[in-house]
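A.B. asks: Given the structure of chain A, go ahead and fit chains B and C with the ligands onto it with the hints provided.
These protein sequence lines map, in sequence, to chains A, B and C. FYI, numbering that gives the first Met the number 0 numbers position 301 of the first sequence as 300, with every residue one higher than the one before it. FYI, numbering that gives the first Met the number 0 numbers position 57 of the second sequence as 56, with every residue one higher than the one before it. FYI, numbering that gives the first Met the number 0 numbers position 162 of the third sequence as 161, with every residue one higher than the one before it.
Derived from the structure by calculation, the hints contain no laboratory data. No incorrect hints appear here.
No farther apart than 27 Å at their CA atoms in a straight line, the calculated lysine-lysine pairs in the DSSO-like style are these:
no. : chain 1 : residue 1 : chain 2 : residue 2
1   : B       : K161      : C       : K155
2   : A       : K132      : A       : K201
3   : C       : K214      : C       : K29
4   : B       : K187      : C       : K67
5   : B       : K187      : C       : K108
6   : C       : K118      : B       : K161
7   : C       : K118      : C       : K157
8   : C       : K155      : B       : K187
9   : A       : K332      : A       : K28
10  : B       : K161      : C       : K110
11  : C       : K55       : B       : K80
12  : B       : K187      : C       : K110
13  : B       : K239      : B       : K187
14  : B       : K161      : C       : K132
15  : C       : K219      : C       : K157
16  : B       : K161      : C       : K111
17  : B       : K187      : C       : K71
18  : A       : K201      : A       : K224
19  : A       : K330      : A       : K19
20  : C       : K108      : B       : K161
21  : B       : K239      : A       : K132
22  : C       : K132      : B       : K239
23  : A       : K332      : A       : K27
24  : C       : K71       : B       : K80
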Amino acid sequence: MVSNQTELIMLGVMKILKEKGSFLLNNKKIIPFLILIVLTGLPIIQFFGNYNYLIHIVLFSFLYITMSSSWNIIGGYGGFISLGHNVFFGIGAYFSGFIFVRYGISPFITALIAGLVAALFGFVVGFITLRVKGPSYIISSIALLMIFRILFDRWELIGGTHGMTLPHNTFPVEWSKIPHYYALLLLMVLSIYLSWYIRHSKFGLALRSISHDEIKSAVTGINVKIIKVTAYALSAYFIGAAGAIWGDYLTYVRPNIFFIILIAANMVLMCILGGKGTVTGPIIGTIVMIFFNEFILAYFGATELNIFFTGFLMIITLMYFPEGIVGSLKKRKLLPGFLDWG
Amino acid sequence: MIEFLQVLILGICLGFVYALMVSGLTLIFGVMRIVNLAHPILIICGAFVSYWLFILIGLDPILSIPIAGLVVAALGVVIYKLIFERNAAQQTYSEMTVLLTFGTAMVIDGILSFVFHNTQRTTSPSYATDAIFIGDIFIPLAQLYSGLVSSVIIVGLAVFLKYSDFGIAIRATSQNRTSAELVGVNVKFVCLISFGIGCALAGAAGALVSFIFSFFPSRHWEWIAIMMSLVVLGGMGSLKGAVIGAIVLSVVSSMVGAFISPAWSTMVFFLSLFLILIIRPKGLFGIQSD
Amino acid sequence: MNSLLNINNLTAGYGYGPDIVRDFSLTLNKSEVKCIIGPNGAGKSTLLKSIAGILKPRSGEIFFDGEKISEKEAYQIMRLGICFLPQERAIFPNLTVAENLRMCAYSIKDKKVAEARIKEAIEMFPVLGQRLKQIAGTMSGGQQQQLVYARAFTIKPKIIMIDEPSLGLAPSLVEQTFNHITQIASSGIAVILVEQNAIRGLETAGYGVVMDLGKLVFEKPAKEVLQDQSLRELYLGKALEK
Ligand SMILES: Nc1ncnc2c1ncn2[C@@H]1O[C@H](COP(=O)(O)OP(=O)(O)O)[C@@H](O)[C@H]1O
Ligand SMILES: [Mg+2]
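Here chain A stands alone, though its shape is the one from the complex (with noise of 0.2 Å):
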């Protein structure tokens, strides 16, 4: 009878937590609003001991995420895979870096123009490359990636190629990384801000009917080029600001560490794994790309072998999963709605 009683009420107490589980699961906002609040107030633990591998490696998930999500806007939606987008990752490390060791004044304060400075070149590049599509259009940005590591490898009033030492900070070693951990961050929320709207708005539509069909959509009246260029120009933004801040974290900017095409392979595999064109997919993608190569390193313990699994997963996706986590379980209707955003 006690039993029976006690059955019932678990049973209850089962279907309401199900219920307000999947409540929770499906809800767009809670989950995310958790997750910020816990991210914010994850420096903390350093009050507790040292976990700066920790916190490396979520600041290293953040700078990915701006990127990925930063290189979907044109990627995903735009459809146009870029190959060479780290040149504006460069180009804002380069230009905070260059400006801090000139004028000592500090990347967090130009970030953002550093942001600005990679928008405007790619509204210039954008309006050039962007004419050839597919194919061509991926291996003229691995040319552009070239052109760039050979001008900044020769030019010497930024250090040629041994770039540039920036100062570091002075804080105490626990605390010395948290600065960028909050920098990243929100240049994260930023950027995925910025994915969000751009996915939900005309503007967004327009560039994704580009993506399918460009001389129906001119003739629908949209100014392909211009939002073309554009997309290319908000892509480059936050890269370009991830660049900065990330220049300053390794306290110093050299050509064969922002110009090598491995950084751009990074964000085109995070976005297709995740699903490219979604909104989460690049998160996601990021998210499990950074375990996974932190599982092998610390499994296998060699560098090289992440250059294999790397390949080895994208050939995989593009293979058996094209639409990445995301769509898939989107096409499946297995998507959380937390996840679903577009």
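C.D. replies: What follows is chains B and C with the ligands alone, placed relative to chain A:
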């Protein structure tokens, strides 16, 4: 003047090597519309085969060309079966296949880097450091031999494509797959063999590369853009275009390297690749790309 | 089952799209000429493509000489003796005329026979003989048309399927083309002809097959179709307007 002639001759020799390096790339693109970004790393695979044959049994890299070609062709056929067969059937010029080849390049790069590390290597046959003089013109034998061997292989390839039934079938397939099938060409087989031949050419080029450049696995990233520039200039899919593109750019880049600064010589490739793609995506001479 | 070609309840379509050809059955005997007519989009080209193996049938079977061909690859079907000339001009524009002719004879494994056949084709179309080195795509429309039909005489297939031979041709060329087709038919090759110019097509053929919405509407001797006034209005008129 002497210096000019010397740079010119060296540029042409190197140009033929470049032409051999991209001949497989352009063949594979022509038949399957696959932009094979893994081609450069396959060349490095060929270079490794020659390197180890030279180190272990002292086999001259020029003599190891057939072995390097076969090994890489076998590797290519495996890759084709695993990854590209489905895409090759569609013959669509798509971003997806480019990313697939990019992923393939990363996979091979990762394995090679893990096994052999990114140390610089070269094979050093006796002629690698030798040179001859024609009048006052100084020509290193390594460049001369590799240029000559490359041109022989390319002529062989051209003759095969031009005159043999299978060669004509390859060209017919690259023009119109359905039409080829309708005259009785086993298109899947032609694709497989073309991919194999393309990779064999990469392997052969690798054997030559092993003694004229120093190579290491991750060097292929730079070669991707260099090699793309050569085929894009001549129009992707056309062998003649690739040879012209390779020689022209090789000479120009040698000139820049000699008379301006070696630091800028690779810029020639990247800049021309970028400009041609932007201004004339079909290449200057090309009609075959679409 | 003794006919040359047996199509039983064929259904076909593209990708995940709807059925374009539906439950279609047809037979073709040796040396027979059948003309398929029907409005644009009826599925005539799709039917020919699935016989040729370019498009895999969704259901139904096709037998050729008693052998099931509906699961074979296009090149295998062609080698068995079914030649298909699709709507788009089926030549290789960047190859020379000589190379095109060699490709026509590609399926003939005996080199001597192949050469002899090519010679025969050249005798039939002397213009091609004068232009062996020319890039095929640079020839005039009429010359290219000759190159297309040279294939029939090189391969000597048992069946030839021709999709809209007169489409987009100048009137004088239409006449030339139909002469080629008559020539092919009189050499004993069975022909399936799809033609928008229905009157002209039916005049060439023994049987008229009317197809609409992917289905066989009826099949009658061509003469009857041409004479039947109501049929003329219903199907030929529609086809003629196009
Ligand atoms: N390659 C294709 N992919 C998808 N649908 C096609 C394709 N070709 C034709 N169709 C569709 O099949 C239908 C019949 O086309 P078709 O067989 O060419 O008709 P017909 O030759 O009788 O004019 C049309 O509705 C057309 O849209
Ligand atoms: Mg048709």
